[in-house]
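Trainee: Order-wise, the sequence lines are chains A and B.
Those letters in the first sequence? Residues 475 to 797, by the numbering used here.
Those letters in the second sequence? Residues 1273 to 1422, by the numbering used here.
These aren't lab readings, by the way, just hints derived from the structure by calculation.
The model shown is predicted, which means the values in this text are computed figures rather than measured ones.
Among these hints, one or two may not hold up.
Said to hold, decoys possible - Simulated crosslink set (PhoX-like; lysine-lysine; CA at most 25 Å straight-line):
#	chain 1	residue 1	chain 2	residue 2
1	A	Lys679	B	Lys1348
2	A	Lys654	A	Lys627
3	A	Lys712	A	Lys679
4	A	Lys606	A	Lys758
5	A	Lys654	B	Lys1348
6	A	Lys654	A	Lys712
7	A	Lys679	A	Lys714
8	B	Lys1328	B	Lys1383
9	A	Lys714	B	Lys1348
10	A	Lys632	A	Lys712
11	A	Lys632	A	Lys654
12	A	Lys712	B	Lys1348
Stated by the list, open to error - Computed list of chain A residues with no C-beta within reach of chain B, every gap over 10 Å:
#	residue
13	Lys606
14	Lys607
15	Leu615
16	Leu619
17	Glu630
18	Pro641
19	Trp645
20	Gly655
21	Val678
22	Lys712
23	Gln726
24	His756
25	Ile795
What the hints assert, rightly or not - Part of the chain B face toward chain A, derived, beta carbon under 10 Å:
#	residue
26	Leu1337
27	Ser1386
28	Leu1403
For every residue, glycine included, the Cβ atom is placed at its ideal position computed from N, Cα and C.
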Amino acid sequence: MSNIAVSSAPHEAVAHAHDHAAHEHGGHGHGHHGPANLLHHFTDLAQQRESNALGMWVFLVTEVMTFGALFFIYTLYRHLSDSAAFQAGYKAPFAVGSALMNFELGFINTLVLLCSSLTVATAVYVAGVRNKKWLVGMLALTAFLGVVFLGIKAVEWKHDYDVGLVPGLNWNPESYLAGKGYVLAQPTGVNGQAYIGDGRPETVKEYGARRLEEIRANEAAHGGHGGHGGHGAHSDEKPKPFQAVVNGMQLQMFFVIYFCMTGLHAIHMIIGLGLISVFIWHAKNGIFTDIQNDQPIEIFGLYWHFVDIVWIFLYPLLYLIAH
Amino acid sequence: MAQPSPERLKTQLEHPEKVAGNVGHAGSGTQPENSPHFEDHGDDHTHHVSMMTYYKVFGFLMVFLLLTVFAFFLDKGLFGFPGFGFWSAPIALAIAFAKAMAVVLIFMHVKFSSKLVQIFASTGLIFVGILFLLTMNDYWTRAWIPVAGQ
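Throw the hints in and build the complete structure from the sequences for me.
Mentor: If you want it as structure tokens, here you go:
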């Protein structure tokens, strides 16, 4: 982004039929072809602004396709596992996974990101009116909200790790699920289709209730020990009554998708925070306010709003699945 | 690379209204700075959005966030509501889409941008739409016909 440099570029010889020096614009002097932040391959600031916006939007379209692919994986697996669960009489694994998310923290995170969108839009506005103090303040506030978001995410992930919900790392959620009243169907049979019980003729509900009792009896007998899943239900929470049987492999798939999508989103947030710090430093030096130079802030705003939009879609799809 | 003939170049620069396309038009970046058709007001065509608009959109986003959560609880059976059934996901997505549109159009200034930027912004949506539609078209209809192996 060399248009944030204030130093003046050497005047280029431009092939014109008429004398260039006879037509000065807005008192720039010294034969510059525009203000200091106007790059030489643009004729005027309007064209530069348009190109900046267009370039950023092309990048954002590629990002939409990237996240779109992940959203598609979500859609496909939710559709497939819901159909399978419906046929088997189990609860939809995505609904169970969503029930295991922290509702309050997810809501607060969404609130935080929506506020950060407002603060970054305000930053663009105050850069437009060349108010340095407010620009630095708004960028700092946006950064703070971003850090809050990542902190809450870290808390959520730490909890998931503690109860054994991280696929590929320590997937062992049986006792945690039992505390919440969920029973994993034992995956046997063709294509990992869950199979009810041990061949005894019983309904899904009977199987689930019976299995839940077994698990709780096991835990009581062994003093609640079982690797990382040993925490089971939170110590301050009573074990819930039987809720549903759920396919463990498909539940694991939900968590794979959850960690991949929120992980990629968190990476984007971290990149955004890195960019903000650079921008705060430049803003303090007056790069954006000494002359009318709000274009970089506007472009950064586009990126930040995009990251917010991804979360706007992620939140209901991951946290608010009712059934 | 083919260049316009001198006559055509003259027409483009002096009578841009006779030429189709963007070349030679004021504000296109294709007129030299000293031409009478050059249009540079010294500003950069920033459309200034007022803070009031931003606050209104923020209010809209807050309302729709509450709506999202309310729809979730309704779906779970709040007030004895039977739930949305198949329509859970479409409703949740519609609300999320409304929020996203508010952010894209106002916060990201797409409403005030040129047609070119608007087209590029909607391209993302269109291609993601193709991804979803054409691929789900396969998976969603797999169980419809009883064929061995499906």
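Trainee: Give a verdict on every hint.
Mentor: Status of the hints after comparison with the structure:
1. Only pairs whose Cα atoms come within 25 Å are accepted, and Lys679 (chain A) paired with Lys1348 (chain B) is accepted, the gap being roughly 20 Å.
2. A distance of roughly 22 Å separates the Cα atoms of Lys654 (chain A) and Lys627 (chain A); the hinted pair therefore holds under the 25 Å criterion.
3. Using a Cα cut-off of 25 Å, the hinted pair Lys712 (chain A) and Lys679 (chain A) holds, with the two alpha carbons roughly 21 Å apart.
4. At most 25 Å may separate the alpha-carbon atoms for a hinted pair to count; Lys606 (chain A) and Lys758 (chain A) meet this at roughly 7 Å.
5. Distance hint between Lys654 (chain A) and Lys1348 (chain B) is fulfilled; the C-alpha atoms sit about 17 Å from each other, no more than 25 Å.
6. For the hint linking Lys654 (chain A) to Lys712 (chain A), the alpha-carbon distance of about 9 Å falls within 25 Å, and the restraint holds.
7. With a C-alpha separation of about 15 Å, the suggested pair Lys679 (chain A) and Lys714 (chain A) falls inside the 25 Å cut-off, and the hint holds.
8. Proposed proximity of Lys1328 (chain B) and Lys1383 (chain B) is supported: the alpha carbons are some 15 Å apart, at most 25 Å.
9. Our distance criterion of 25 Å between C-alpha atoms is met by Lys714 (chain A) and Lys1348 (chain B), whose separation comes to about 18 Å.
10. At roughly 22 Å between alpha-carbon atoms, Lys632 (chain A) and Lys712 (chain A) fall within 25 Å of each other, so this suggested pair holds.
11. Between Lys632 (chain A) and Lys654 (chain A) the alpha-carbon distance is near 18 Å, which keeps this suggested pair within the 25 Å criterion.
12. About 22 Å separates the Cα atoms of Lys712 (chain A) and Lys1348 (chain B), which keeps this hinted pair within 25 Å; it holds.
13. Separation of Lys606 (chain A) from chain B is adequate, the least Cβ-Cβ distance of about 17 Å exceeding the 10 Å criterion.
14. Distance to chain B confirms Lys607 (chain A) as a non-interface residue, since its nearest Cβ pair spans about 16 Å, more than 10 Å.
15. No Cβ of chain B comes within 10 Å of the Cβ of Leu615 (chain A); the nearest lies about 14 Å off, and the non-interface call holds.
16. Leu619 (chain A), annotated as away from the interface, keeps every beta carbon of chain B farther than 10 Å; the closest lies near 13 Å.
17. Annotated as non-interface, Glu630 (chain A) keeps its C-beta farther than 10 Å from every C-beta of chain B; the closest such distance is 18 Å.
18. The claim that Pro641 (chain A) is not at the interface with chain B holds, since no C-beta of that chain comes within 10 Å of its own (minimum 22 Å).
19. Under the 10 Å C-beta cut-off, the non-interface status given to Trp645 (chain A) relative to chain B holds; the minimum distance is some 26 Å.
20. No beta-carbon of chain B comes within 10 Å of the beta-carbon of Gly655 (chain A); the shortest separation is about 15 Å.
21. No Cβ of chain B approaches the Cβ of Val678 (chain A) within 10 Å, the least distance being about 20 Å, so the stated non-interface status holds.
22. A cut-off of 10 Å between C-beta atoms confirms that Lys712 (chain A) is not in contact with chain B; the least separation is 21 Å.
23. Distance check for Gln726 (chain A) against chain B: the nearest CB is about 20 Å away, which clears 10 Å, and the non-interface claim stands.
24. The beta carbon of His756 (chain A) is kept farther than 10 Å from every beta carbon of chain B, the shortest such distance being approximately 19 Å.
25. Ile795 (chain A), annotated as away from the interface, has a beta carbon of chain B within 10 Å; the closest lies near 8 Å.
26. Taking 10 Å as the C-beta cut-off, the interface hint given for Leu1337 (chain B) holds, the closest approach to chain A being about 6 Å.
27. Evaluation of the Ser1386 (chain B) hint against chain A yields a held restraint, the C-beta minimum of about 6 Å falling below 10 Å.
28. Contact between Leu1403 (chain B) and chain A, as hinted, is supported at the beta carbon level, the nearest pair being about 6 Å apart and thus within 10 Å.
The structure does not agree with numbered hint 25 stated previously, though it agrees with all others.
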